[in-house]
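**Student:** Chains as they are written, first to last, in our numbering: chain A, 1 to 380; chain B, 1 to 380.
In case anyone wonders, no lab produced these hints; they're calculated from the structure.
Check before you lean on any hint, since a few could be wrong.
Treat identical chains as interchangeable: a pair holds within one or across any two.
[Unchecked claim] Derived DMTMM-like pairs: lysine to aspartate or glutamate, alpha-carbon spacing no greater than 20 Å straight-line:
id, residue 1, residue 2
1, K325, D230
2, K235, E323
3, K235, D287
2 protein chains.
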Amino acid sequence: MQASPFNSIRLFESEPLCLDGGAELSPVDVAYETYGTLAADGSNAVLICHALTGDQYVASPHPTTGKPGWWSRIVGPGKLIDTNKYFVICSNVLGSCLGTTGPATIEPETGEPWGTRFPVITIRDMVRVQNALIGALGVKKLLMVLGGSMGGMQVLEWLATYPEKLHSACVLASAAKHTAQNIAFHEVGRQAVMADPNWQHGRYYSDETAPSKGLAVARMTAHITYLSEDALTQKFGRNLQERDAVTFGFDADFQVESYLRHQGSTFVDRFDANSYLYITRAMDYLDIPGRHEGRLADAFLDARHVRCCVISFTSDWLYPTIENKRVVHALNAAGVPVSFAEIETRFGHDSFLLDVPEMDRMLEGFLATAAETYEAEQSP
Amino acid sequence: MQASPFNSIRLFESEPLCLDGGAELSPVDVAYETYGTLAADGSNAVLICHALTGDQYVASPHPTTGKPGWWSRIVGPGKLIDTNKYFVICSNVLGSCLGTTGPATIEPETGEPWGTRFPVITIRDMVRVQNALIGALGVKKLLMVLGGSMGGMQVLEWLATYPEKLHSACVLASAAKHTAQNIAFHEVGRQAVMADPNWQHGRYYSDETAPSKGLAVARMTAHITYLSEDALTQKFGRNLQERDAVTFGFDADFQVESYLRHQGSTFVDRFDANSYLYITRAMDYLDIPGRHEGRLADAFLDARHVRCCVISFTSDWLYPTIENKRVVHALNAAGVPVSFAEIETRFGHDSFLLDVPEMDRMLEGFLATAAETYEAEQSP
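Using the sequences plus the hints, can you model the full thing?
**Tutor:** Right, dumping it as structure tokens:
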């Protein structure tokens with residue numbers, strides 16, 4: 001085995017990680033990146049949680065694709081989340097495939113990749129690992145935890161599980177439970193992967209052939225849900241791909257077809273199909289109100305000291321404003337201070353990753369106030 | 001070859017069917033059902049156009065599934081479209097797989113199934129075949145042509161291509177062109193079929209194995225677009241499938257997963273994968289305004305004598321009200337008389353197939369008035 005190309009730390013060696021599903025994992029490798037320096041008083045740590053197919057490279061280039069960090073627009077020296085001021089942590093989630101333990105990892109007992117013997121995990125399990133990581137990094141309390149989409153789900157589990165470790169929390173374009181439509185789209189993606197004969201019930205690691213075609217179809221389907229109808233119309237409409245007329249065939253006549261095929265084919269180079277199954281499953285299992293007989297507010301009763309911020313986007317039909325508002329109402333009902341804004345955008349769910357000045361202004365103000373109040377709280 | 005189990009007629013024997021794509025087809029078999037009797041003066045003929053995966057069995061049981069006709073709720077003796085009064089015609093569209101010529105049909109020149117050598121067709125090509133069929137049945141002018149979804153697209157092509165053959169026309173939950181999002185969902189479905197190694201570039205007919213897994217994934221994806229988020233929530237929510245708790249595995253824990261898997265697996269028993277490719281392509285190619293430099297009204301200038309009715313549904317996000325309104329505006333701009341209603345439903349695009357009393361009342365009134373005015377027009 002060659003050395004991991006990722007910065008990682010081995011956790012849960014002496015005590016296993018106890019998962020929501022009842023299984024135990026030991027050890028757990030966690031791949032992570034940090035930016036900036038932890039202040040002597042530990043008061044400047046910001047944890048960023050990534051989305052379904054995201055990774056720890058929030059502000060530095062992705063090792064496989066060479067592309068800039070996925071949120072380098074706002075995270076970095078002198079940027080909105082200023083790494084000259086803040087100590088930013090981002091880790092690859094449990095079950096993923098960029099260095100953190102997941103289905104592609106070697107199972108200690110067998111010496112073979114876990115495949116589908118890997119236990120099914122939850123969003124809360126991911127957060128348990130992050131909690132162990134920040135402890136190992138010497139962070140007692142986070143100035144802020146933030147994330148969009150599945151990242152926002154992790155923030156909600158932080159609020160529900162480790163509120164004492166938080167000073168502030170920010171949720172973007174997210175939800176506290178997966179709806180039937182959310183589950184339906186994920187199930188189609190999983191079925192696409194499993195329909196690929198190269199999947200072989202998850203035992204494809206020793207072969208040359210991964211279930212790339214199935215995974216590409218899964219990604220294409222998901223990608224449609226990340227964009228609004230309006231965004232697709234603005235971006236592509238019925239424009240043709242390098243041709244003057246339709247060809248009366250099954251080539252990618254339309255730009256939108258070519259774009260989707262590209263999204264599918266590039267995704268399979270950087271992502272593991274089994275990880276896709278496990279992480280979508282974790283999202284489908286998310287049902288924080290369900291753990292409290294439907295009363296989401298009860299999940300946040302111990303988070304009254306945490307300053308919260310929730311942002312939704314008008315054009316997001318995957319985690320629409322109504323799901324974000326349910327979170328806001330529950331936080332309010334629990335007595336947790338929360339700012340909320342629904343921001344007008346045309347881009348759809350992906351808005352949180354894009355250049356949205358109104359979002360930036362809100363994040364900037366929220367972070368500055370969080371830092372001030374945290375400092376005031378700590379001064380004697 | 002065994003005798004076709006379908007009622008069918010052979011057309012385009014002496015003169016070929018000239019397709020929009022430039023190819024010619026000869027002969028063309030058309031499978032169809034009729035209900036009721038054509039009046040001596042020919043004034044009671046109603047043509048119903050079916051949707052993407054529909055068929056000619058509008059009011060009689062499907063030969064494979066044994067299920068009642070897909071619109072038997074409103075078509076039949078004494079029903080809204082009363083087959084004691086009206087002569088109802090419904091034919092399987094060109095390119096489909098229930099008896100009408102399509103990719104599974106034997107190509108005369110080779111003696112083999114067409115497969116992907118079958119020419120790519122358009123919605124207008126489907127309508128050309130229907131026009132030949134009604135001629136062969138002795139119908140000079142239709143009292144009404146109606147259809148929902150892809151059926152509505154055919155109605156629009158009737159209005160644009162053979163307006164002189166129409167007294168009235170009714171379009172339900174449809175559009176005059178496919179949007180980028182419409183194309184995107186279809187492209188994902190086609191890629192799912194083509195990713196199935198059993199597809200073999202369309203040459204699977206001689207084998208035991210059709211690309212069923214890929215086609216099932218395509219159907220599952222499409223099925224999500226036929227229902228509203230609200231309908232999925234009402235129908236399934238996060239209800240579990242015959243279990244008390246999630247299983248921490250990849251079985252269909254949730255009812256919505258089980259439902260989708262069932263939709264996928266039953267579909268493949270009744271539908272041909274290549275037909276799915278060809279018909280989705282025909283829909284993607286639909287762009288009636290594009291044939292008139294963007295002015296949809298210009299397509300309807302010869303239809304001023306045709307009484308029209310357009311119905312959309314609030315919860316339909318596949319062909320939403322705005323696309324139906326574009327049709328209404330164009331008909332108005334062309335001076336074509338048109339009634340329009342947006343009906344409040346929760347069911348999504350499938351509303352036109354379901355029990356929607358407001359739709360029934362509108363169709364009933366429209367049909368009665370169409371019959372009266374047609375009679376008045378014909379009396380000396």
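**Student:** If a hint holds in the structure, say so; if it does not, say that too.
**Tutor:** Outcome of the hint check:
Taking identical chains as interchangeable, the C-alpha atoms of K325 and D230 lie at most 20 Å apart only when they sit on different chains, with a minimum of 17 Å there against 23 Å within one chain. Taking the shortest alpha-carbon separations for K235 and E323, only the inter-copy value of 18 Å comes in at or below 20 Å, while the best intra-copy value is 27 Å. Taking CA atoms no more than 20 Å apart as the test, K235 paired with D287 passes between copies only; the shortest distance there is 18 Å, against 34 Å inside one copy.
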